[in-house]
Amino acid sequence: MDERALEFQKYFNDENKEQAVSYILRLLHDKTIDIVSLYELILAPSLNHIMCEHEDERICIWKEHIKSGIVRTIVECAYPFVMEERKMRGVKSSITAVILCPPEEYHDIGARMAADFFTLCGCDAIFVGSNTPYHDFHHAISMIHPDIIAISVSDYYNLVATKRMIEEIRSVLTKHCQIIVGGCAFQRNRQTAIKIGADDYVESFADIERIVRSGVTE
Amino acid sequence: MGTIMELKNINKIYGTQIQTQVLYDINLSFEAGSFNSIIGQSGSGKSTLLNIMGTLDRPTTGDVFIKGVNVNEMTDNELADIRNLLIGFVFQFHYLLPEFTAIENVLMPYRIRNQKVTKEVKSKAEEYMELVGLSQVRNNPSSKMSGGQQQRTAIARALINNPSLILADEPTGNLDSDSTENIYELMRDINQKLGTTFIIITHDRRIAEKADRIVEIKDGKINLDLTK
Ligand SMILES: Nc1ncnc2c1ncn2[C@@H]1O[C@H](COP(=O)(O)OP(=O)(O)O)[C@@H](O)[C@H]1O
Ligand SMILES: [Mg+2]
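Order-wise, the sequence lines are chains A and B.
Just so it is clear: in the first sequence, position 200 is 200 by the numbering used here, and no numbers are missing.
Each number in the numbering used here comes from the position in the second sequence (counting from 1) with 1000 added on.
Next up, chain A with everything else stripped away, as it sits in the complex:
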């Protein structure tokens, strides 16, 4: 495991928000970590493998909320570094990407990280977020004219609503737009992405970069 990840884990497992946040911010300031590594090597694995030794499931859920709160704070604080890194990368794309979650999906940090990845790829990334009243979004599609719509799903039950959402979005799209999906709900079964009508499945920065690049040449 990455050394930095190990150090972060110490604070994270203790639910020590102050130490966890300041440790990561120090890494970002010192440029000893970049955004992609931070999200892929440290934050995403920490979120996906939240340890809970408690027998009581309710206490675990409560602890999970505290821990995801730590990650959320870090991701929000990282935004200036995201912009800085985009500048350094020097990539510019004409692509507009909208990132959202299906109705009643309350886990939106993955979507938030994905939005930053689109930003890093030079896209105009619009984070619509979690539990979106997507009928409103639906109306906004004709204004936004997205090239990519990325939907993040954590809870597998929400795939039912995601399928419906994709059908509805497609019915109002007037120009070519790729609908891509990602998130924990697909982890054990990637074919589900196609089953619910998505064009593609992404799970890493490299996947997003590939999709953005192929969009540019189209």
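Don't read these hints as lab results, they were simulated from the structure.
Worth double-checking, as some hints may not be accurate.
Stated by the list, open to error - Facing chain A, according to a computed beta carbon distance under 8 Å, are these residues of chain B, among others:
hint : residue
1    : Ile-1039
2    : Arg-1205
3    : Ala-1208
4    : Glu-1209
5    : Ile-1214
6    : Glu-1216
7    : Ile-1222
8    : Leu-1224
9    : Thr-1227
10   : Lys-1228
Where a beta carbon is used, it is the ideal one built from N, C-alpha and C, also for glycine.
Once you have looked at the hints, place chain B with the ligands on chain A.
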């Protein structure tokens, strides 16, 4: 573990003068020991499908295989055995007999079949009352129990003949949210302890999201079939 229930090209048309097709060419199979949910809007054909699986209703065309045997090729006696021994039913309305105690209700399916209740069966009923958390109130009249207790009694009743499969049609449709959670935990517990297969129609996302599989029916067709 093998397939316990298989539906092949099931179509269901109600009515003769005015015909309404409610199921279209359904193909589905369920593994023994699995915990499944069926969801879908009201009127989409879920209950019709479950009743066909439970041999309470017949498809217009198509075949139902239970443990590999085609229901169409079964005699009436064999069908009665399937309904009594292999399958347990739980409905939204529990249909307990109000003039009997909880445990008498649990024993009813056994009594209907065998008349005399043996000591072994009596103790099995006690065991199931314990499993569903009702040993304290087992001798209360069923009409004096809360909705959640009545539904748990109905689940114990569905278990009494040791069915391999429990078909439940909105078992928590009538319950508050705490009782719903309890009923879910109970069914999951039975699934794990006894290996009973569950196929549960539900509107409740807390049940559906915890099932190993979600089948969504829409306008009489399978719209989505998800495995965790
Ligand atoms: N015995 C019947 N005769 C005629 N139509 C029926 C009968 N039972 C159900 N239906 C119709 O079949 C459709 C599906 O019903 P049902 O299986 O009960 O749906 P669900 O359980 O998903 O609400 C509905 O339109 C219903 O009105
Ligand atoms: Mg019904």
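These are the hints, each one checked on the structure:
1. Ile-1039: Given a least distance of 7 Å, the restraint on Ile-1039 of chain B holds.
2. Arg-1205: holds (6 Å)
3. Ala-1208: holds (6 Å)
4. Glu-1209: holds (3 Å)
5. Ile-1214: holds (7 Å)
6. Glu-1216: Holds. Min distance 6 Å.
7. Ile-1222: violated (11 Å)
8. Leu-1224: holds (6 Å)
9. Thr-1227: holds (6 Å)
10. Lys-1228: holds (6 Å)
Of the hints listed earlier, the one the structure fails to meet is number 7.
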